[in-house]
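Number of protein chains: 2
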Amino acid sequence: MTDPSPTVLIVEDERAIRRFLRPALEGEGYRVLEADDQRSGLGMASSHTPDLIILDLGLPDRDGLELIRAVREWSSMPIIIVSARGQDADKVKALDLGADDYLTKPFSVQELLARVRAALRRSAAVRDAADGSPVFAVGSLTIDLAKRRVTLAAEPVTLTPLEFKLLAELAKHPGRVLTHKALLDAVWGPSRSKEPHLVRVHMANLRRKLEADTTRPRYLLTEPTVGYRLADA
Amino acid sequence: MTDPSPTVLIVEDERAIRRFLRPALEGEGYRVLEADDQRSGLGMASSHTPDLIILDLGLPDRDGLELIRAVREWSSMPIIIVSARGQDADKVKALDLGADDYLTKPFSVQELLARVRAALRRSAAVRDAADGSPVFAVGSLTIDLAKRRVTLAAEPVTLTPLEFKLLAELAKHPGRVLTHKALLDAVWGPSRSKEPHLVRVHMANLRRKLEADTTRPRYLLTEPTVGYRLADA
DNA sequence: CGGCGCCTTGACGCCGTCTTGACGCTCCGG
DNA sequence: CCGGAGCGTCAAGACGGCGTCAAGGCGCCG
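Chains as they are written, first to last, in numbering that gives the first Met the number 0: chain A, 0 to 232; chain B, 0 to 232.
Hints are not guaranteed to be accurate.
Identical copies go unnamed one by one, so any copy, or any two together, can satisfy a pair.
What the hints assert, rightly or not - With a Cα cut of at most 25 Å, we get these calculated PhoX-like pairs of lysine-lysine:
#1 LYS164 <-> LYS104
#2 LYS146 <-> LYS171
#3 LYS146 <-> LYS193
#4 LYS208 <-> LYS104
#5 LYS208 <-> LYS92
For the record, the hints were derived by calculation from the structure and aren't laboratory data. From a predicted model like this one, the values you see are computed outputs, not experimental measurements.
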């Protein structure tokens, strides 16, 4: 839900500039990635999917604009341009290609950081509105982690806090077997990691609410001597 | 359905600048509104709900910043600042208050237009994801964040400032669970984020005004040990 | 200066939830 | 055939969150 430290990708050929941008960004609590040309920048953008890109348009291969276009093919992550070129035409072109902001060198670090904050704030709003809540669904069971809602055959099911936490933990790894210890650690904390009985009791309660026949579970499957698994098909 | 021509509100005291901004914007196909001070600007923003605001920070009453803050109380519409003052501190303050962009005079019209396009493009993405309606409605309850009004079965309900702020926070994320901490942060500020009792008391007061049966709430739902949720269906 | 409304703070009782323990079942190996 | 281990069920009790009420303080407006 909350991303504790957003990731910022810097695409910049001048090492000097990278060397003073990185600490400034890290000082704000961001994780920082670096690339020194367009190709590797695009690669890192797609492999790491950062939360924001700071892009120097004065790249040696000369077509940072191409990076904007390429990223925009599949993502709407914020892109802030920094460039030595301050011509109107350059700015207009970059912005119209999909860049979110444009600063001309030399620029103030404080201003850049403020614009980074503004851009991240906006994109967080988008994520919010999108409500792209990862809903897990098997059979007639749906689990919405973000909205904290569980429905069975389109009927809402009321779960106790602990029941939901337990079910959510299973839903985060659909189809995978979670050991007793893993569940205890995640739901109760490490102190209780030696009491599998806790899991059994609450699993029974969950089954009573979710399963038609508790003796032959459809969703909450027991993996004897190992743990439990949420059916994913 | 979609208004083909977005509305732009210009808040600017210098008539000369308005006189050259208006035709430029209209030339791009936008509808244009004008205000010449903060007060009327805020009024037009709430009555016409434009798609974007261009705000001159050098207003005579000197606190255009206040306009940003006031608008951000209830809307996330894009705000682009134009200002004669180019100090870092000014930019940082405006951006952190919620402004989307900041240009210093003199600026190029082409650049301004490009930044307007970029801002509108982004907010279109937001509206895409969420429904852009500023009024929230469930059952016989309606909440108008912009007008600051709440009605129940078409009857206006009078709420205290704090009650409204609390309800508004819930209405901004209908159906989602807001944790005690989230509500405390948003309504009381981070300093009180460890006093869930505050939320309970005021939630009880809200229920007394909004719910037919406070023991079985229709709108303000409790999520035990987690927080509260505003019903969205 | 007085009154009123609003927010805070504290106390209290209720009710749901979690834990704990006991018991019977099944499966499997000795 | 017997015995143990793992699992599911049930009930009882303790715990703590939640809602409610009332008192107190503060600011605002008349």
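Checked hints:
no.: 1; hint: LYS164 <-> LYS104; in the structure: neither (37 Å within a copy, 42 Å between copies)
no.: 2; hint: LYS146 <-> LYS171; in the structure: both (14 Å within a copy, 14 Å between copies)
no.: 3; hint: LYS146 <-> LYS193; in the structure: between (31 Å within a copy, 23 Å between copies)
no.: 4; hint: LYS208 <-> LYS104; in the structure: neither (50 Å within a copy, 57 Å between copies)
no.: 5; hint: LYS208 <-> LYS92; in the structure: neither (39 Å within a copy, 52 Å between copies)
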